[in-house]
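Visitor: Each chain, written out:
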Amino acid sequence: DAKTTQPTSMDCAEGRAANLPCNHSTISGNEYVYWYRQIHSQGPQYIIHGLKNNETNEMASLIITEDRKSSTLILPHATLRDTAVYYCIALLTTSGTYKYIFGTGTRLKVLA
Amino acid sequence: NAGVTQTPKFQVLKTGQSMTLQCAQDMNHNSMYWYRQDPGMGLRLIYYSASEGTTDKGEVPNGYNVSRLNKREFSLRLESAAPSQTSVYFCATTTTGLGNEKLFFGSGTQLSVL
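Protein chains in written order, with this note's numbering: chain A, 1 to 112; chain B, 1001 to 1114.
Next comes chain B alone, as it looks inside the complex (with noise of 0.2 Å):
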């Protein structure tokens, strides 16, 4: 099993370019996460999905949207790139979201915007 994939690992972009990075899970789990952390900071959610066909705004939304197509996978997409959104996107997942299970995180995107 891969666990949790994030694509791509590593991406440039030039300010107000668009980008989608991708998440993938076969875990078989309904909760979905996106977080963001910037160099020398803690993790912050971004969005998250608590099940197929529904999302939900975390605590730094803005200048995001996310998609969650099905069970397996929730992306998140870059409309018109900003410098401050440099930073490294995770994913993870848990089963049911429901406060007794444990996350599970991808290797991590790392975006910058020049």
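Next comes chain A alone, as it looks inside the complex (with noise of 0.2 Å):
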């Protein structure tokens, strides 16, 4: 099974880049690395998804090493507003469908 390690919490100072590791040593070949982020007691939301190539959006940046054994969410910029439990998830297939199994999450707590 594709297990997730990250670290129980971080903080950020405000307008800095928050870089958020993630191991995923066992993860396979063809399993996306994504990351997900909640805020309170409100549902995850997704911020990004990759296999193998860095991706970017309008949210974040996702690194992913070559092995892709890690990878790394930066958010660029924090804000007050990026105080959330991050979760970097693990798929795991089963006859052909993914099961969605979160981590323990880092809290990153961006500071004024």
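You may find that some hints are simply not true.
[Claimed, not checked] Here are the computed distance ranges between Cβ atoms for each label pair:
no.: 1; chain 1: A; residue 1: D67; chain 2: B; residue 2: Q1022; range: 19 to 29 Å
no.: 2; chain 1: A; residue 1: N30; chain 2: B; residue 2: S1051; range: 18 to 28 Å
no.: 3; chain 1: B; residue 1: Q1017; chain 2: A; residue 2: T65; range: 42 to 52 Å
no.: 4; chain 1: A; residue 1: D67; chain 2: B; residue 2: V1012; range: 47 to 57 Å
no.: 5; chain 1: B; residue 1: P1008; chain 2: A; residue 2: H77; range: 32 to 42 Å
no.: 6; chain 1: A; residue 1: L111; chain 2: B; residue 2: P1008; range: 32 to 42 Å
no.: 7; chain 1: B; residue 1: T1020; chain 2: A; residue 2: T65; range: 37 to 47 Å
no.: 8; chain 1: A; residue 1: S25; chain 2: B; residue 2: T1020; range: 36 to 46 Å
no.: 9; chain 1: B; residue 1: M1019; chain 2: A; residue 2: T65; range: 24 to 34 Å
no.: 10; chain 1: B; residue 1: N1100; chain 2: A; residue 2: D67; range: 31 to 41 Å
no.: 11; chain 1: B; residue 1: M1019; chain 2: A; residue 2: A13; range: 11 to 21 Å
[Said to hold, decoys possible] Subject to a maximum C-alpha distance of 25 Å in a straight line, what follows is the list of computed DSS-like cross-link-like pairs (lysine-lysine):
no.: 12; chain 1: A; residue 1: K99; chain 2: A; residue 2: K69
no.: 13; chain 1: A; residue 1: K99; chain 2: B; residue 2: K1057
no.: 14; chain 1: B; residue 1: K1102; chain 2: B; residue 2: K1009
no.: 15; chain 1: B; residue 1: K1009; chain 2: B; residue 2: K1071
no.: 16; chain 1: B; residue 1: K1071; chain 2: B; residue 2: K1014
no.: 17; chain 1: A; residue 1: K99; chain 2: A; residue 2: K3
no.: 18; chain 1: A; residue 1: K99; chain 2: B; residue 2: K1102
no.: 19; chain 1: A; residue 1: K52; chain 2: A; residue 2: K99
no.: 20; chain 1: A; residue 1: K52; chain 2: A; residue 2: K69
no.: 21; chain 1: A; residue 1: K3; chain 2: A; residue 2: K69
no.: 22; chain 1: A; residue 1: K3; chain 2: B; residue 2: K1102
no.: 23; chain 1: A; residue 1: K3; chain 2: B; residue 2: K1057
no.: 24; chain 1: A; residue 1: K69; chain 2: B; residue 2: K1102
no.: 25; chain 1: B; residue 1: K1009; chain 2: B; residue 2: K1057
no.: 26; chain 1: A; residue 1: K3; chain 2: A; residue 2: K52
no.: 27; chain 1: A; residue 1: K99; chain 2: B; residue 2: K1071
no.: 28; chain 1: A; residue 1: K52; chain 2: B; residue 2: K1057
no.: 29; chain 1: B; residue 1: K1102; chain 2: B; residue 2: K1071
no.: 30; chain 1: B; residue 1: K1057; chain 2: B; residue 2: K1071
[Unchecked claim] So the derived list for chain A, only partly shown, Cβ under 10 Å to chain B, looks like this:
no.: 31; residue: Q38
no.: 32; residue: Y98
no.: 33; residue: T104
no.: 34; residue: G105
Derived from the structure by calculation, the hints contain no laboratory data.
Ideal Cβ placement from N, Cα and C applies to all residues, glycine included.
Need the complex rebuilt from these two chains, each delivered in its own frame; the hints are there to steer you.
Guide: See the structure below:
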């Protein structure tokens, strides 16, 4: 099973880049890396995902190592509203269907 | 479009009572999921349904049953509620569940079992 490991918590100064790491050393070649975040007790919100190449969208950038054993989510200019729990997702496959398994997440606190 | 709708939003049960949590989506998605989130913890997958008529166990299925009534609806039933099932329950959907789609979540059901 592809498991993820993330730091429990991180702090980041407002306006600086937040770099959130994730280890997924057992991920297989055709499994995607996903990132979600959860603000307070709301339902998680999609941020970004990727397979092999680095990805960027309006919210963040995703850097995946060449061996795909780890990735980093980058919030380029963190704001107070980015304070949330960030989840790196491992995708487990069974009979061609993907089960989205969440790790424990990283609690990011953006400091004023 | 409402997206993913969960009912009820809040529920208090006594130990041993039964209830069904409802989830409906109007996004025409194939795959649906039920998660639970205990206070201060991450989300854990209870059951999922890849398509209408199919269901599979997730990480923590004990004490729960599910029904994929049709493409739109995926219900979660607690036959005999226990205090350990006090949690926030989230329903989620994706288009095909084949690894390249986003999960869309409902707003959650907060359940307390006394």
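Visitor: So, for every hint listed, does it hold in this structure?
Guide: Hint check:
1. Taken as a hint, the range 19 to 29 Å is violated for the pair A/D67 and B/Q1022, whose Cβ atoms sit roughly 44 Å apart.
2. The hinted range of 18 to 28 Å is satisfied by A/N30 and B/S1051, whose Cβ atoms lie roughly 20 Å apart.
3. A hinted range of 42 to 52 Å holds for the C-beta pair B/Q1017 and A/T65, which are about 49 Å apart.
4. Checking the proposed 47 to 57 Å range against A/D67 and B/V1012 shows it holds: the Cβ atoms sit about 49 Å from each other.
5. For B/P1008 and A/H77, the hinted distance range of 32 to 42 Å is satisfied, since their beta carbons lie about 39 Å from each other.
6. Checked against the hint of 32 to 42 Å, the C-beta distance between A/L111 and B/P1008 comes to roughly 37 Å, which is consistent with it.
7. Evaluation of the 37 to 47 Å hint for B/T1020 and A/T65 yields a pass: the beta carbon distance comes to about 44 Å.
8. A C-beta distance of roughly 40 Å is found between A/S25 and B/T1020, which places it inside the suggested range of 36 to 46 Å.
9. Taking the beta carbon of each, B/M1019 and A/T65 are about 45 Å apart, not inside 24 to 34 Å as hinted.
10. For the pair B/N1100 and A/D67, the supplied restraint of 31 to 41 Å is violated, since their beta-carbon distance comes to about 21 Å.
11. Taking the beta carbon of each, B/M1019 and A/A13 are about 46 Å apart, not inside 11 to 21 Å as hinted.
12. The straight-line distance between the Cα atoms of A/K99 and A/K69 is roughly 19 Å, inside the 25 Å bound, and the hint therefore holds.
13. Distance check on the hinted pair: A/K99 and B/K1057 sit about 10 Å apart at the alpha-carbon level, within 25 Å; holds.
14. For the given pair, B/K1102 sits about 23 Å from B/K1009 by alpha-carbon distance, which is consistent with the 25 Å threshold.
15. Proximity of B/K1009 to B/K1071 is assessed by CA-CA distance (about 22 Å); at most 25 Å being required, the pair is judged to hold.
16. With a C-alpha separation of about 32 Å, the suggested pairing of B/K1071 with B/K1014 is violated against the 25 Å cut-off.
17. The straight-line distance between the Cα atoms of A/K99 and A/K3 is roughly 12 Å, inside the 25 Å bound, and the hint therefore holds.
18. A hinted pair counts as satisfied when its Cα atoms are at most 25 Å apart, and A/K99 with B/K1102 qualifies at roughly 12 Å.
19. Among the hinted pairs, A/K52 with A/K99 is consistent with the structure: their alpha-carbon atoms are about 20 Å apart, no more than 25 Å.
20. With a C-alpha separation of about 11 Å, the suggested pair A/K52 and A/K69 falls inside the 25 Å cut-off, and the hint holds.
21. Straight-line distance between C-alpha atoms of A/K3 and A/K69 comes to about 11 Å, which keeps the hinted pair within the 25 Å bound.
22. A hinted pair counts as satisfied when its Cα atoms are at most 25 Å apart, and A/K3 with B/K1102 qualifies at roughly 19 Å.
23. Annotation: proposed proximity of A/K3 to B/K1057 holds, straight-line Cα distance about 18 Å (limit 25 Å).
24. At most 25 Å may separate the alpha-carbon atoms for a hinted pair to count; A/K69 and B/K1102 meet this at roughly 22 Å.
25. Under the criterion of a C-alpha separation no larger than 25 Å, the hint pairing B/K1009 with B/K1057 is consistent with the structure, at around 24 Å.
26. Between A/K3 and A/K52 the CA atoms are separated by roughly 18 Å; this keeps the pair inside 25 Å, and the hint holds.
27. For the proposed pair A/K99 and B/K1071, the alpha carbon gap of about 18 Å is at most 25 Å, so the pair holds.
28. This hinted pair does not check out: A/K52 and B/K1057 have alpha carbons roughly 29 Å apart, beyond 25 Å.
29. As the CA atoms of B/K1102 and B/K1071 are separated by approximately 18 Å, the hinted pair is consistent with the 25 Å bound.
30. The suggested pairing of B/K1057 with B/K1071 holds, with an alpha-carbon distance near 18 Å, which does not exceed 25 Å.
31. Among the interface hints, the one on A/Q38 holds; its C-beta lies about 8 Å from the nearest C-beta in chain B, closer than the 10 Å criterion.
32. Interface hint status for A/Y98: upheld, as the beta-carbon distance to the closest one in chain B is roughly 5 Å, under 10 Å.
33. Here the hint on A/T104 is kept, as its CB sits about 5 Å from the closest CB of chain B, short of 10 Å.
34. Annotation: A/G105 was flagged as interfacial toward chain B, and the flag holds, the nearest CB pair being 5 Å apart, inside 10 Å.
Comparing the model with each earlier hint shows violations of hints 1, 9, 10, 11, 16 and 28; every other hint is respected.
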